[in-house]
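A.B. asks: Given chain A, work out where chains B and C should sit, using these hints.
Below are the chains, spelled out letter by letter.
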Amino acid sequence: MSYFLETLVSGLFAGVMYSLVAIGFVLIYKASGVFNFAQGAMLLFAALTFVTLIEKGMPFALAFIVTSLVMVAMAILIEWLVLRPLRNRDPLTLFMATSGLSYVIEGFAQLLMGMDVHMLDLGIPDVAVQVGGIYVSQFDIIASLIALTLVATLAITFNKTRMGISLRAVASDTLAAQSIGIRLPVIWRIVWSVAGIVALVAGLVWGSRQGVQYSLSLVTLKALPVLIIGGFSSIPGAIAGGLLVGATEALADIYIGPLVNGSVSTWFAYILAVGFLQIRPAGLFGDREIERV
Amino acid sequence: MTTLQESAPTKPLRRPALGVGTIAIVAGLVAAFAVPALADDYWLSSIIIPTVIMGLAGIGLNLLMGYTGLVSIGSAAFMSIGAFSTYNLLLRAPFLPLPVVLILAGLIAAAAGVIFGLPSLRIKGFYLGASTLGAQFFFEWLFTNFSWFSNDSQSLTISAPRLQILDYDLQSATGRYYLVIATTVLLIALAFAIVKSRVGREWMAIRDMDVAASVIGIRVARRKLLSFGISSFFLGIAGALWAFGYLGTSDAHAFNLDKSFQILFIVIIGGVATIFGNFLGAAFIVLTPILLDRLSLVIDLSFLGDQGALANLQHIIFGTIIIVLLIKEPDGLSSLGRRGVEALRSRTRSSG
Amino acid sequence: MSGLLELHDVSLSFKGVRALNALSFSVAKGEICALIGPNGAGKSSLLNVINGVYRADAGDIVFDGLRFEAIHPQKAAHLGIGRTFQHNALFRRLSVRENVLAGLSRHGNASFFENIFRLGRDGAERHGFLARAERTMSFLGLDRHAGKIVSTLPYGLQKRVDLARALVAGPKLLLLDEPMAGMNQEEKEEMSRVIREVNRVFGSTVVLIEHDVGIVLNLASHVVVLDYGRKLADGAPDEVRKNPDVIAAYLGTVH
Numbered sequence: 001m002s003y004f005l006e007t008l009v010s011g012l013f014a015g016v017m018y019s020l021v022a023i024g025f026v027l028i029y030k031a032s033g034v035f036n037f038a039q040g041a042m043l044l045f046a047a048l049t050f051v052t053l054i055e056k057g058m059p060f061a062l063a064f065i066v067t068s069l070v071m072v073a074m075a076i077l078i079e080w081l082v083l084r085p086l087r088n089r090d091p092l093t094l095f096m097a098t099s100g101l102s103y104v105i106e107g108f109a110q111l112l113m114g115m116d117v118h119m120l121d122l123g124i125p126d127v128a129v130q131v132g133g134i135y136v137s138q139f140d141i142i143a144s145l146i147a148l149t150l151v152a153t154l155a156i157t158f159n160k161t162r163m164g165i166s167l168r169a170v171a172s173d174t175l176a177a178q179s180i181g182i183r184l185p186v187i188w189r190i191v192w193s194v195a196g197i198v199a200l201v202a203g204l205v206w207g208s209r210q211g212v213q214y215s216l217s218l219v220t221l222k223a224l225p226v227l228i229i230g231g232f233s234s235i236p237g238a239i240a241g242g243l244l245v246g247a248t249e250a251l252a253d254i255y256i257g258p259l260v261n262g263s264v265s266t267w268f269a270y271i272l273a274v275g276f277l278q279i280r281p282a283g284l285f286g287d288r289e290i291e292r293v
Numbered sequence: 001m002t003t004l005q006e007s008a009p010t011k012p013l014r015r016p017a018l019g020v021g022t023i024a025i026v027a028g029l030v031a032a033f034a035v036p037a038l039a040d041d042y043w044l045s046s047i048i049i050p051t052v053i054m055g056l057a058g059i060g061l062n063l064l065m066g067y068t069g070l071v072s073i074g075s076a077a078f079m080s081i082g083a084f085s086t087y088n089l090l091l092r093a094p095f096l097p098l099p100v101v102l103i104l105a106g107l108i109a110a111a112a113g114v115i116f117g118l119p120s121l122r123i124k125g126f127y128l129g130a131s132t133l134g135a136q137f138f139f140e141w142l143f144t145n146f147s148w149f150s151n152d153s154q155s156l157t158i159s160a161p162r163l164q165i166l167d168y169d170l171q172s173a174t175g176r177y178y179l180v181i182a183t184t185v186l187l188i189a190l191a192f193a194i195v196k197s198r199v200g201r202e203w204m205a206i207r208d209m210d211v212a213a214s215v216i217g218i219r220v221a222r223r224k225l226l227s228f229g230i231s232s233f234f235l236g237i238a239g240a241l242w243a244f245g246y247l248g249t250s251d252a253h254a255f256n257l258d259k260s261f262q263i264l265f266i267v268i269i270g271g272v273a274t275i276f277g278n279f280l281g282a283a284f285i286v287l288t289p290i291l292l293d294r295l296s297l298v299i300d301l302s303f304l305g306d307q308g309a310l311a312n313l314q315h316i317i318f319g320t321i322i323i324v325l326l327i328k329e330p331d332g333l334s335s336l337g338r339r340g341v342e343a344l345r346s347r348t349r350s351s352g
Numbered sequence: 001m002s003g004l005l006e007l008h009d010v011s012l013s014f015k016g017v018r019a020l021n022a023l024s025f026s027v028a029k030g031e032i033c034a035l036i037g038p039n040g041a042g043k044s045s046l047l048n049v050i051n052g053v054y055r056a057d058a059g060d061i062v063f064d065g066l067r068f069e070a071i072h073p074q075k076a077a078h079l080g081i082g083r084t085f086q087h088n089a090l091f092r093r094l095s096v097r098e099n100v101l102a103g104l105s106r107h108g109n110a111s112f113f114e115n116i117f118r119l120g121r122d123g124a125e126r127h128g129f130l131a132r133a134e135r136t137m138s139f140l141g142l143d144r145h146a147g148k149i150v151s152t153l154p155y156g157l158q159k160r161v162d163l164a165r166a167l168v169a170g171p172k173l174l175l176l177d178e179p180m181a182g183m184n185q186e187e188k189e190e191m192s193r194v195i196r197e198v199n200r201v202f203g204s205t206v207v208l209i210e211h212d213v214g215i216v217l218n219l220a221s222h223v224v225v226l227d228y229g230r231k232l233a234d235g236a237p238d239e240v241r242k243n244p245d246v247i248a249a250y251l252g253t254v255h
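Going line by line, the protein sequences match chains A, B and C.
Just so you know, we're using this note's numbering here: the first sequence kicks off at 1 and counts up by one.
Just so you know, we're using this note's numbering here: the second sequence kicks off at 1 and counts up by one.
Just so you know, we're using this note's numbering here: the third sequence kicks off at 1 and counts up by one.
In short, the hints are calculated from the structure, not lab data.
Source: prediction; values computed, not measured.
Check the hints yourself; a few may be wrong.
Claimed, not checked - Quick list of in silico lysine to aspartate or glutamate cross-link-like pairs, DMTMM-like style, CA-CA up to 25 Å:
#  : chain 1 : residue 1 : chain 2 : residue 2
1  : C       : Lys75     : B       : Asp210
2  : A       : Lys30     : A       : Asp173
3  : C       : Lys231    : C       : Asp122
4  : C       : Lys29     : C       : Glu197
5  : B       : Lys196    : C       : Glu125
6  : B       : Lys124    : A       : Asp173
7  : C       : Lys148    : B       : Asp41
8  : C       : Lys172    : C       : Glu189
9  : C       : Lys15     : C       : Asp64
10 : C       : Lys148    : B       : Asp208
11 : C       : Lys15     : A       : Asp90
12 : B       : Lys196    : C       : Asp122
13 : C       : Lys148    : B       : Asp331
14 : B       : Lys328    : A       : Asp90
15 : B       : Lys196    : B       : Asp40
16 : B       : Lys196    : B       : Asp208
17 : B       : Lys196    : C       : Asp143
18 : B       : Lys196    : C       : Asp57
19 : C       : Lys172    : B       : Asp331
20 : C       : Lys148    : A       : Asp90
21 : A       : Lys30     : A       : Asp90
22 : C       : Lys148    : B       : Glu342
23 : C       : Lys75     : B       : Glu329
24 : C       : Lys15     : B       : Asp210
25 : C       : Lys75     : C       : Asp57
So here's chain A without its partners, still in its complex pose:
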């Protein structure tokens, strides 16, 4: 039983990390309708930049600020060079453009900063502590707290500030938002910047776990089923979806895996997501749009 619980809890922690990646997607999708396949590449780029600065002797806080500024600069460039010329094009074209973008960003990241695996130590000890009779990684707990803080900050910004209200206006009706004077390019730059900083945080947490290396960009593929369950435009959905995927995936790996020759973690979440959509086509929180004729 405690084995089951430990698996479940560690799965939930992994799920928090999935949510963190998924939220970057949600922000961009909400504000610009773009399914940003380059989110994983942005994550890799941010983590690599950060770790390179640290290795050059920069203090943690300064490296974080500098990397954040780099991500903002990247957002401005992306808006200018990719999004603006592709305005009003179909979602599929935009998706393909972001997958082209991911080649560019990954290429630059590794060209400028090398392809070695960088160790990243955030100063959080990865030891097991006993909580309520089961062992839990202290790292997982702290990482989850970081993630939750970030999510809470985003949620408050989204709901309370003027900026957030403009964002939601764009998300619900682009044309109407433009007609009341909200400037779309500005919104896009801001949202992509925020997504870049979210990618940085996610990249640091993931990177300190796995090492900062190319495979970080593949976490995109983990976030996808989360988004499908939670809905592309719902932050609470991304969190709930992340937890659901993390937990079921961990359990499936341990209880189904041995029956079928090994880990099922590459595909299980997708089958789960598809099965879920069959039962609830409207998504977890039922906010998927209904077609009108």
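C.D. replies: Frame of chain A; chains B and C shown alone:
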């Protein structure tokens, strides 16, 4: 009713000066005789064969995505099903001739396509990507974790036991070229027959407005599943050709997510809802890395340091070209081709 | 009273908002029935329930002697219910001819293999379809535009293509959702003429939604007035015109 039945006899369709039929015949003759005579083994094996096969795979995805409007991010999975089915059929049913094996492999891929297409009846757009991406990872896992599919080979690789039709051996570059080109020509004809039929019209209706399609009585669910099936049939055969007509020996990872994205690029860059455009897209996908390799031999890139840096530079250039093409050629390379053909037509018309 | 189409206590709501409230009325075979009412009165929702795009929460519908609570849109089409749309719902990347041909889909009986390999029943189907499409297009004055892609056509012509697509299958009941929206007086009168002609020549029973009361009272033989999902009046144009509730709620105000 009576007034209607009396009026308007159907008008004959005007034939263009340079018809598709003429182009097809010329292309066929060139493909059959000129190409093998002019191209050396390198050109055949490394450029022409992969371009043709990837173009065929592009047609497979285009039937689903371009004509029916259903997104798939897992095309390579259905290619791998075709490849592994072909291998096992050749191995376990040696009495079956190669063409029959290819058709059966296509049908097996089609069946898998229909199963993974079932979610399309309830979900749309990128959400549907989950199902096909699930197929992508599931089949890569299946063919790597169950060695039965590769006849318990240690390396999990598959290579065709024999490649022959009647008594003609097709192992040489020219032989493989003929196998690939003949199969592709037949499938191009099939693709045209489908998109010009009622089935194709109903697919496009579903693509453009599925609620309206349903309201006028099109059997939307059946047509969507049919599209998944036919698309996967094409992809399955393309996969078999890729494994044995091009690579020779392959494994599940030859059909990874990268391959699926390449096929997506082929469709988007070549032109959505086109048949020949896929070959332009495929040529781009196959030739760009080769050209970038050649370029790096000509230009001194020693300042970059190692081979890895060169690969990264190629990634950057490749990604940039894709973005630029998406911006500059919204209708894909085929619209370039179409403009060319139009120019040629008007010239033949004015001179004739 | 029994008609081609009967609605019994049909209700529909979206997220708690009542769009249709226990609505009952009957449409006789061969008539032109107009649904009028202010925006949000539930007119389009009603058409959507009749041909199965929406599922009613309560009540049932009888069409041509067949009673159902909910129906699949394809089934409705196969029973002979045709439909045009308020907002453009054409197959925009197809030509006019292809749109109209698509409207015949429910009459297709050739199998997939016959269709793609041009065998068996395909030839007859192909010719029959083409002939019917050409007749319908020339009836609606679309023959000159047959080869054009619909998204390139002006709005008024697109409305006609929508009508042609519904009409070509020879529907027993034709549901027209604001067929004259966005037209000037002259175009509206032309469209009225076409609808009358359709009703007379094809024998299709017509249920239409239109805001222009003047046009409606001239065109329709039966008028149903809706207000907030409820039936306010139901009868011949002259009766409805005199109904005090209608005058108060709708006809008196300018829209």
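A.B. asks: Output the indices of the hints that this structure fails to meet, ascending.
C.D. replies: 3, 7, 9, 11, 15, 18, 19 and 23
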